[in-house]
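Letter by letter, the chains look like this.
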Amino acid sequence: MKQFAALLRKDNQPVRYLVVDDSVFARKNLIKMIEMFGGELAGEAGDGLTAIAEYNRIKPDIVLMDITMPQMEGIEAVERIVRQHAEARIVMVSSVGYQENILAALQKGAKHFVQKPVKPEVLYEILRYVLSDDPNATGAPVALAGESRS
Amino acid sequence: MSRQPEDRNNELRALFFESAAELLQSLNEAGLELEARPSDEEVIRRVRRIVHTLKGDSAACGLHKLSELAHELEDVLTPQVTGIHGKEVPEVVLAAADSFDAMLAAYQKNAKLPSMSALHAMIRRLLQAPGAAAGSVPDVAQAPGQFAWTEYEQLMISEAVHRGDPVYNIALRIDPNSLMRAAAFQLIRNVLHGSGTVIALRPEDNVAAATIVVVEAALASPQSEEKLLHRCRIPSIVSEVHIEKITASQMPEHELLGDLLEAQAAKVVADGAQGIESDRAAKRTNAGSAAVAVAESTLRVDAARIDAVMNLVGELIIGKSMLNRTLTEFDKQHARDPVRAKLADAMAFQARILDELHKCVLKIRMVPVEQLFRRFPRIVRDVAKTCGKDVALEISGQNTDLDKGILDALAEPLMHLVRNAVDHGVGSAEERLSAGKPARGTVYLNAYHQGTQVVIEVRDDGRGIDLALVRARAVQKGIVKAEEAQRLSDQDALNLIFESGFSTATEVTEVSGRGIGMDVVRTVMERLKGTIHVGSQKGRGTTFQLRVPLTLASIQTLLFRVGGRLFAVPLSSVVEITRITDHEIHKVDQREVLRLREQILTLVRLNHLSRLRSIDSQPAKKKNFVIVIGAAEKRFGLVVDSLVGEEELVIKALPGEIVSSDLVSGASILGDGTVVLILNVPAILSRLSRATPLGAIA
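Chains as they are written, first to last, in the numbering used here: chain A, 30 to 179; chain B, 447 to 1144.
Some hints here could point you the wrong way.
Covered by chain B, according to a simulated footprint, are these stretches of chain A (three or more residues, beta-carbon under 8 Å) [unchecked claim]:
# : segment
1 : 69-76
2 : 151-161
Each computed DSSO-like pair below joins lysine-lysine, with the alpha-carbon atoms no more than 30 Å apart [said to hold, decoys possible]:
#  : chain 1 : residue 1 : chain 2 : residue 2
3  : B       : K927      : A       : K148
4  : A       : K88       : B       : K927
5  : B       : K533      : A       : K148
6  : B       : K501      : A       : K148
7  : B       : K501      : A       : K145
8  : A       : K145      : B       : K511
9  : B       : K835      : B       : K883
10 : B       : K927      : B       : K835
11 : A       : K145      : A       : K57
12 : B       : K501      : B       : K558
13 : A       : K39       : B       : K558
14 : B       : K511      : B       : K533
15 : B       : K831      : B       : K883
No wet-lab data here; the hints were simulated from the structure.
Just so we're clear, the structure is a prediction, and the values are computed from it rather than from any experiment.
A virtual CB, placed ideally from N, CA and C, is assigned to each residue, including glycine.
One chain only, chain A, in its complex shape:
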């Protein structure tokens, strides 16, 4: 298996992840990758509501969020989490067919997206990018003019 240099926080602690997906298989798959990157699984959720509760409880460094889930969809979960925690780093995980939803999630404040099936090397680069995020960066994500904001 390919080796990855560990992705660490600025304080050299392992990055803490919250993995949200209604498919147990998909979660296991992502968790395996996280471990390959030297990360720590802080929590899991199978739907949007649980994801919000878990976020509030564990304050993870990164959320990997599926788009389509029961109870509450990924987009709404993103919106609610970002409203409370502007610093949240959420990466959407979705298949190509859900471009509209990804677009919406990005407008709500998701930081990035990765296409299913997730390739470890792609996810690694994306996580590295998202983690390098400068907290001092200004400005909030904007919605495309004319797009619905529902």
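Start from chain A and add chain B according to the hints.
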């Protein structure tokens, strides 16, 4: 990812083969375009896109050999390679299209894959040639960064620069492999807005997302160039970043009015240089978004489902005429009943809607003939190349609609006619020049509506058909006797080419002329209830005219009675109707004939022709109607007792065990429940020609 059940997989496979066929068609078209304009980067990109899609789709379907080949081909399709080998790349693309086609066919039949070594060699040669690096090379010539800001934006930029804010021109190329360009664009916007103040942005929001290639921005940001570069290198989204800091020296001294004037002047200059280019770009974008819109509103539907709806509409039409008859009866019995008028109104309303519904359903089956015509540029090119000729193809009327089933059935005959036109019709360059024509021959393909029929024409501007040769060949092949051949009119002689076993090509070529052909074309036309007509002028060219009904599901017919029975013939095959008296009928070779305007017409009586035993032979009448029927260049007269009228009939196929006679092609039910038999005109004709020498049926 969850496992998929077997039938889902099969469905996917079927979908793949269908879409792959379309991709190959586009690839052929793009390949031809590339041949015409080898340095057009837009065309190269299009070819590359098609190949890329094919690669992805075939990989997803597990057709790895195909996917690998597509991948190799992709490497050739870079401006570097095409720039050096402009002439050879189209050849490789077309050869690859053929190889893909062969591979797909093999996959579909689960057969052994054909060898691709020739194509591999072609591709390798191109890649190894000096100057072309293997693998995909970043597109240097097309480096992003036009930064064509509007005057207002320029003003904003210069204002910010003069204020001392660092302003950067940033261009980001979206990863060519990105499948979610709209999402990618949004993410780029997020990142830009998160890094500073976006003064200007291209494309603007309303651009069709799928066509975004490069995003350009003017960004005022306190961050360092290095840091911005890092932020803009968004993994899996951006493949290339170009950043330049705008310095005060690049900006003229800030003065509002002066700036505006200068910008105006710059615009005038720029318009001259760039106007055309940006115009073209804009058009492309528009065309692109239109195409996207069309694709999204198109559904793929199983043809059987449409046929089922069609069938039901047919039943409804029968139901309508049942109701109409009942209403007529009701009228007679309750002439003063006020309900009568209401019923009539409701009926009229329903009839109108039904009519509309019928038309709509018919339209679903209609497709533009372009679907068929678009194959021909490639075919003409290949055939012309094989024969060493220079032939242009001119297509018109491609928007003419025709039933999909008929269109598919026409593919084969039309292919044959077009090949023939190139191979035999258009003469060699020397021959053409000595006849005072341009060296380049032209084949015309045209389609148009005429009444309830569609006419498709294949015309060439060649030497025309040599009638003497046709006569001689027909005699040699034993189709007609020598003296008969001389008696035939020119048109009849021309029609000999439709006889089986006929071919005028003096040499058998790879392309056409293996002795089969024209008779097959005629057979198909008869099956489609259509006709074929050939016209030729020596030295001027040959025209083949194919006529087919708009649809096979329902036909306009002429109803008539023979011996108390109701029959119908397709109206499209009725040439004329005439009244005759008995003494006008002559007997020749135990066959009744009629002299109609100097033409001899064989007469047919249904009660004689078939063993329709129950038809009582009525006492000979003084006057009879004769329906003159023509199909595929032959004519005969049908003697009938009375004419009933025209009626649109919905054809019901008859199972073989019910009708033993091939003289009837189908049946239909009238509103009063009467069953009508629809005559099979070609079958009657062929029975006639078996019984008589050909000359007599003219």
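Verification of the supplied hints:
1. 69-76: Per the Cβ count (0), the hint is violated.
2. 151-161: holds (count 6)
3. B/K927 <-> A/K148: Violated, because 77 Å separates the two Cα atoms, which is more than 30 Å.
4. A/K88 <-> B/K927: violated, 99 Å
5. B/K533 <-> A/K148: Violated: B/K533 and A/K148 sit about 39 Å apart, past 30 Å.
6. B/K501 <-> A/K148: holds, 19 Å
7. B/K501 <-> A/K145: Holds, because 18 Å separates the two Cα atoms, which is no more than 30 Å.
8. A/K145 <-> B/K511: holds, 24 Å
9. B/K835 <-> B/K883: This hinted pair holds, its Cα atoms lying about 14 Å apart.
10. B/K927 <-> B/K835: With a Cα-Cα distance of about 36 Å, the restraint between B/K927 and B/K835 is violated, given a limit of 30 Å.
11. A/K145 <-> A/K57: The hint holds at about 14 Å.
12. B/K501 <-> B/K558: Distance ~20 Å between B/K501 and B/K558 Cα, so the pair holds.
13. A/K39 <-> B/K558: violated, 57 Å
14. B/K511 <-> B/K533: The hint holds at about 27 Å.
15. B/K831 <-> B/K883: It holds: about 20 Å lies between the C-alpha atoms, which stays within 30 Å.
In terms of the numbered hints stated before, the structure departs from hints 1, 3, 4, 5, 10 and 13, listed from lowest to highest.
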